[in-house]
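With chain A fixed as given, assemble chain B onto it according to the hints.
Going down the list, the protein sequences come from chains A and B. Taking the working numbering, the leading residue of the first sequence gets 1, the next gets one more, and so forth. Taking the working numbering, the leading residue of the second sequence gets 1, the next gets one more, and so forth.
Some clues are possibly wrong.
As the list claims (entries may be wrong) - Below, computed lysine to any residue pairings styled on SDA-like, alpha-carbon distance capped at 20 Å:
id, chain 1, residue 1, chain 2, residue 2
1, B, 70, A, 139
2, A, 113, B, 42
3, A, 100, A, 68
4, B, 49, A, 146
5, B, 86, A, 107
6, B, 20, A, 89
7, B, 63, B, 42
8, A, 57, A, 47
9, A, 146, B, 15
10, A, 139, B, 20
11, B, 63, A, 137
12, B, 63, A, 88
13, B, 20, B, 43
14, A, 133, A, 122
15, B, 63, A, 136
16, B, 20, B, 106
17, B, 20, B, 93
18, B, 49, A, 111
19, B, 70, A, 79
20, B, 63, A, 89
21, B, 20, A, 138
22, A, 100, B, 68
23, A, 133, B, 39
24, A, 100, B, 74
25, A, 139, B, 15
26, A, 111, A, 60
27, A, 107, B, 79
28, A, 100, B, 39
29, B, 70, B, 81
30, A, 57, A, 6
Hints are computed from structural coordinates only; laboratory data are not their basis.
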Amino acid sequence: MRRTYLSVAVIITALIAIFIASVLTNPLLPRLRPRPSILLVILVTFGATALAALWKKHRRVASLSLKRPPGTHLLSIVEFFYSPADVDGTFEPIIADWRKEYFEALKQSRKWKARWISARYIFRFGQAMGLSKTLGLMKEVLKAVKSATRLIR
Amino acid sequence: MINQKKGSDQPKEFQRLSNKEALILQMLIEVGRELFGLEMVESSKGKLKRGTIYVTLQRMQEKGLVESRKEPRPEGEIGIPRRLYKVTGYGQRVLAAHEAALSIMFPAMIA
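Only chain A is shown next, with the shape it has when bound in the complex:
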């Protein structure tokens, strides 16, 4: 695969070199006036090749590195913003279910299903975060209203 990239890069470099040479030595070589569409094709090919090489490298590195289980980052976020009771009672069980479903899908070699499960659980996690905070706020407001009415009486 590396050889392919190398040969593509050599061809593109040669084309560019010919183009530059044709411009510099005008009388010797026929004037090369590539259409903008041809230039665009060359540019896109070069870009796509470079991107493919980068993606390949990224995948190779990613496959070698250790990955965190899903929900690790979200858990650290809620640990910062929510009480330990909320984390223990609300968020950890969601992540436990998430991981269970995710790894079951991976066990069946269904990568895309696992990704879909993760996407859905991220949304659900957000829902739980919003709901938990809203309920907490409502509780505080109710407490404040109750204490205020007691004071008025």
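What follows is chain B alone, placed relative to chain A:
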């Protein structure tokens, strides 16, 4: 169900149950064993959602309607354990009172 403050004879307030809370309590009583949140979601046929059930369960736990424990796991296994939920005696009484109140207010609906 009248909820009483500990060490006080004065009734605090009427313990209300939301539809979801009543459904969870009914489910736990019918099954007669501890359930995982995911099991409840799956057997509720869409009435309970994965994103909101644990918030409801947490609130119910604070009210004393249910209690939970972390699932026992084999030694050496890592990761976050799931939670098992079971109904408390207080939860059973609250559900009974809730159903009685419903049958009085809406007899046709219960029948």
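Evaluated hints:
1. 70(B) x 139(A): Violated - the C-alpha atoms of residue 139(A) and residue 70(B) are around 27 Å apart, more than 20 Å.
2. 113(A) x 42(B): Satisfied, since the Cα-Cα distance of roughly 18 Å is no more than 20 Å.
3. 100(A) x 68(A): 14 Å, holds
4. 49(B) x 146(A): Roughly 32 Å separates the two Cα atoms, so the pair is violated.
5. 86(B) x 107(A): 30 Å, violated
6. 20(B) x 89(A): Judged against 20 Å, a Cα distance of about 17 Å means the pair holds.
7. 63(B) x 42(B): 24 Å, violated
8. 57(A) x 47(A): 15 Å, holds
9. 146(A) x 15(B): 17 Å, holds
10. 139(A) x 20(B): 19 Å, holds
11. 63(B) x 137(A): 17 Å, holds
12. 63(B) x 88(A): It holds: about 16 Å lies between the C-alpha atoms, which stays within 20 Å.
13. 20(B) x 43(B): 13 Å, holds
14. 133(A) x 122(A): 17 Å, holds
15. 63(B) x 136(A): 14 Å, holds
16. 20(B) x 106(B): It holds: about 18 Å lies between the C-alpha atoms, which stays within 20 Å.
17. 20(B) x 93(B): With a Cα-Cα distance of about 17 Å, the restraint between residue 20(B) and residue 93(B) holds, given a limit of 20 Å.
18. 49(B) x 111(A): With Cα atoms ~24 Å apart, residue 49(B) and residue 111(A) exceed 20 Å; violated.
19. 70(B) x 79(A): Holds - the C-alpha atoms of residue 79(A) and residue 70(B) are around 19 Å apart, at most 20 Å.
20. 63(B) x 89(A): 13 Å, holds
21. 20(B) x 138(A): 18 Å, holds
22. 100(A) x 68(B): Answer holds: residue 100(A) to residue 68(B) is near 19 Å, not above 20 Å.
23. 133(A) x 39(B): Distance of about 25 Å is beyond 20 Å: violated.
24. 100(A) x 74(B): Since the Cα atoms of residue 100(A) and residue 74(B) sit roughly 16 Å apart, the hinted pair holds (cutoff 20 Å).
25. 139(A) x 15(B): 15 Å, holds
26. 111(A) x 60(A): 17 Å, holds
27. 107(A) x 79(B): 17 Å, holds
28. 100(A) x 39(B): Judged against 20 Å, a Cα distance of about 12 Å means the pair holds.
29. 70(B) x 81(B): Cα-Cα ~6 Å, so holds.
30. 57(A) x 6(A): 15 Å, holds
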